[in-house]
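Got chain Z; can you put chain A on it based on the hints?
Chains as they are written, first to last, in this note's numbering: chain Z, 1 to 318; chain A, 1001 to 1249.
Quick caveat, the hints were computed from the structure, so don't treat them as lab data.
Errors might be hidden in some of the hints.
Said to hold, decoys possible - Computed Cβ-Cβ distance ranges for the label pairs, DEER-style: (1) D1161/A x G222/Z: 37 to 45 Å; (2) V1131/A x Q131/Z: 37 to 45 Å; (3) K1229/A x Q131/Z: 33 to 41 Å; (4) L318/Z x Y1053/A: 26 to 34 Å; (5) A1140/A x K227/Z: 37 to 45 Å; (6) G222/Z x G1091/A: 41 to 49 Å; (7) S160/Z x G1174/A: 29 to 37 Å; (8) D1237/A x P175/Z: 54 to 62 Å; (9) T1107/A x G85/Z: 58 to 66 Å; (10) G1159/A x G245/Z: 20 to 28 Å; (11) L173/Z x D1237/A: 54 to 62 Å; (12) R130/Z x E1031/A: 41 to 49 Å.
To be verified - According to the in silico footprint, chain Z covers these stretches of chain A (three or more CB under 8 Å from chain Z): (13) 1011 to 1023; (14) 1139 to 1153.
In this text, a Cβ means the ideal position worked out from N, Cα and C, and glycines have one as well.
Here are the chains, one letter per residue:
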Amino acid sequence: MQDMGRRGYISQAVPVSGAMDALSARMANIALGNDGNAAVIEFTYANAEFIAETGILIAYAGDGAILSLAIGDIPADRPVFIPAGTTVKLNNDLSGSRTYLAVAGGWDVPEVLGSKSTYLTASIGGLQGRQLRAGDELNSIDQFTTSTTKTILDNLQSDSPNYTDWSLGRQLLLPADRKTIRVMRGNEFDWFDSNSQSDFFTTPYTLSLRSNRMGYQLDGCGMKRIKWDELLSTAVTPGTIQVTGGGSPVLLMADCQTTGGYPRIAQVAAVDLSLCGQLKPGDTIYFKEISRHDAEMLYLEREKQLAKLANAVRNRYL
Amino acid sequence: MQATATVESFLNIYALNEQAVTIEFGSVINEDVFQKVSAFNNLVNKRPFPGFYTTVPAYTTLTVFFDALLVIQSNLSGADCFEKVSGYLAGLKGKQNITNTLSETITIPVCYGSDFGPDLDEVANHTKLTVQEVINLHSAAVYKVYMIGFVPGFAYMGGMDEKLTTPRKSTPRGVVPAGSVGIAGQQTGIYPLQTPGGWQIIGRTPLKMFDANQSRPALLKAGDLVVFKQITQQQFDHLSNNSDADTNY
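Here chain Z stands alone, though its shape is the one from the complex:
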């Protein structure tokens, strides 16, 4: 169970957590007229199925699974009404790894330290601070935050599965090449020799098996240091690419620690962090340099696009 993360306690070393692919998580919520920070279920790969005990309005987005019913697949990025008693199955989608399931009103789990996100190391957030497992019963919040959600539900409610003829088209927001990750130089970029710097931007990196919600260990050209100063631990954040003592880059992800002491060669642009959230061990990526200013402009533009989409859904159900 994840939302947009726990931002208020990083000074006490509580990781941000939140959805690994925040874009997909938000898309699923936007499709339902939910608050963008409503809790969603993050499925990693597809070995899951659930039964709707009551009629529910859901939406899903992501690249790890395709949801299906006995009668066929459910389209993503749009509201879908599932009648009571229906079994929904997740089938593997090999293009990515994570899929987000939102429900009208959001999943009802308690807020811990200002967020519903699960953080396993401290056993907090989500459902009892743990991963979901077979037999769990989840409820949605009945009190919808917006009238849009209510109107969508009224329009779609029926005796059989039902969905809208429109979708949000998440693909339109994504670059054609999802394996090229835009990054800006990290503060310690100059601590590496020029060959390493150029290798970093021109050679492929592969996610190793040692990859999880905390970070990805990257196999590929090692980075050679020319400056051996000790870096005193300082703040790091999801998207920071550190280089460990052995010269391997490590890409920090949602559950990463809040401070680190390894030199930082790069920082993934916020707009491309969601692409990283879909990677799985064995995937090969390239890094492409962009400026700090451009990264910021891309972020602001993305936020504008998402606000526009949320508005479009609202206007459709006025």
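Then chain A, alone, in the frame of chain Z:
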């Protein structure tokens, strides 16, 4: 303790990402740099800018986090968020004396040795001290919390007697219980949660170093002073039972 430091200069200010900037106040760990970080941390929190939401103080840096959408809409001057925020922060330099939050002295009871401190003998061997000398030196010092990082509630502390310096274990343990007190190089620290770890474990405290049910979940904060007090196994059990009762389990 109160600080009256004014911040005259930053060494550097850089973007950590689109929504955070890091200010460097020095390049070595010392009291002067620590005071500058603390003083500026208090100042920013007292005089926030539109979109500001939190700070992360570290040994020589302060990182300031903000919501880029609110910053860009603000009337701070600058072509983008980084310019707006770094310009605002630079404008705070040299502002009049800032009073730090009072730092507290926190006593951490520790039961040294036995199952709680499986590496106590190893530390004694390495340092050529007796077990009791290790305990005495460890519990005689006053430690200062420089920063919280690594895992929730973990305090990086300075002030350990150099005689206790012991390298990390060559093979880290898969599981180190919450409350374990350890030594790594010239540092000492307390594991707030059960995690893997490579520190030499010399004892355990019954205190909860991190408790998500509290409004301030981490027991320690940067600037706090810490002393360790040796307790017996019996006192440990008594204190553990009490802390369980407090949280209504």
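Which numbered hints fail: 7
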